[in-house]
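Protein sequence lines, in the order shown, are assigned to chains U and E. When we follow my numbering, the leftmost residue of the first sequence carries the number 1, and every step to the right adds one. When we follow my numbering, the leftmost residue of the second sequence carries the number 1, and every step to the right adds one.
None of these hints come from the bench; they were simulated from the model. Note that the coordinates shown come from a computational prediction; the quantities given were computed from them, not determined experimentally. Accuracy of the hints is not assured; some may be wrong.
A pair holds if it fits inside one copy or across any two, identical chains being indistinguishable in the list.
[Stated by the list, open to error] Below, simulated DSBU-like cross-link-like pairs (lysine-lysine); rule was C-alpha separation at most 35 Å, straight line: (1) 29 <-> 103; (2) 29 <-> 2; (3) 2 <-> 68; (4) 2 <-> 103; (5) 68 <-> 103; (6) 29 <-> 71; (7) 71 <-> 2.
There are 2 protein chains.
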Amino acid sequence: MKLNVITLAVQDLERALAFYRDGLGFATKGIVAADVQDPVSGAHGAIALFELEGGLLLAIYPRADMAKDAKVLDPGPNSVEFSLGHLVGSRAEVDALLRAAEKAGARITEPPRERPWGIYSGYFSDPDGHLWEIIWNPAMPNARAFI
Amino acid sequence: MKLNVITLAVQDLERALAFYRDGLGFATKGIVAADVQDPVSGAHGAIALFELEGGLLLAIYPRADMAKDAKVLDPGPNSVEFSLGHLVGSRAEVDALLRAAEKAGARITEPPRERPWGIYSGYFSDPDGHLWEIIWNPAMPNARAFI
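Please build the complete structure, drawing on both the sequences and the hints.
Below you can see the structure in the form of structure tokens.
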């Protein structure tokens, strides 16, 4: 199965763009389709896309528009729906990346430590509460730089 | 940036495993690390992994354990946090895949239709409410079969 896009629902598109583009250094063309609105659902088109390795797109899209486009109710933000996991090459890289994310405006929810399933990891949450787990796993050699 | 893992928080690990493995046909070794518990947070290790194309892992993990592991509060399930997007090769494939997902126990939240940003798409939600958008985009030729 090929997953093509992960779209994160965000409260404030400009704030999320600043966090991922300016804070974390993810490459993007910025907000696109800002002039498009769906006459059926009322959802706006404005979205920003970050191209990750392997052809995967990370998108940020206002939660009100996602709710309209998917026709679901929006009860407000919630951290515990998913986490995005990124492998790095050492414990020191886990520590450094969490510090960099905090400097960019993220909140460290759980400082890095050894976990009994064989990894060293910690979590940060982005300005909308979305969890990222930064992981050093000696059993998974395909670690890459974050950006 | 290489994203390595997307972990979906689920209420019932067996139910989610049945949906993705038996309903949608995703390959997996089933639940692993069921005998591991973190003495610091109390989080259990039990998780199931599905290997997607490009080295990306899709994981399902109980939401109570994710909350403990990431040290965040769990206010309960919420559909509008993210969506996972999968491209297929035609409008007919969008229709067929949504029908197959519904048969597997998904709920169609938004039937497929043309959207003004140049795609034909519809949404289903998995048994935990996680949104999948199935997309035909004539501008993106890298469509693959779902499984």
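- Message: Hints numbered earlier in the text: which of these fail when held up against the supplied structure?
- Response: none
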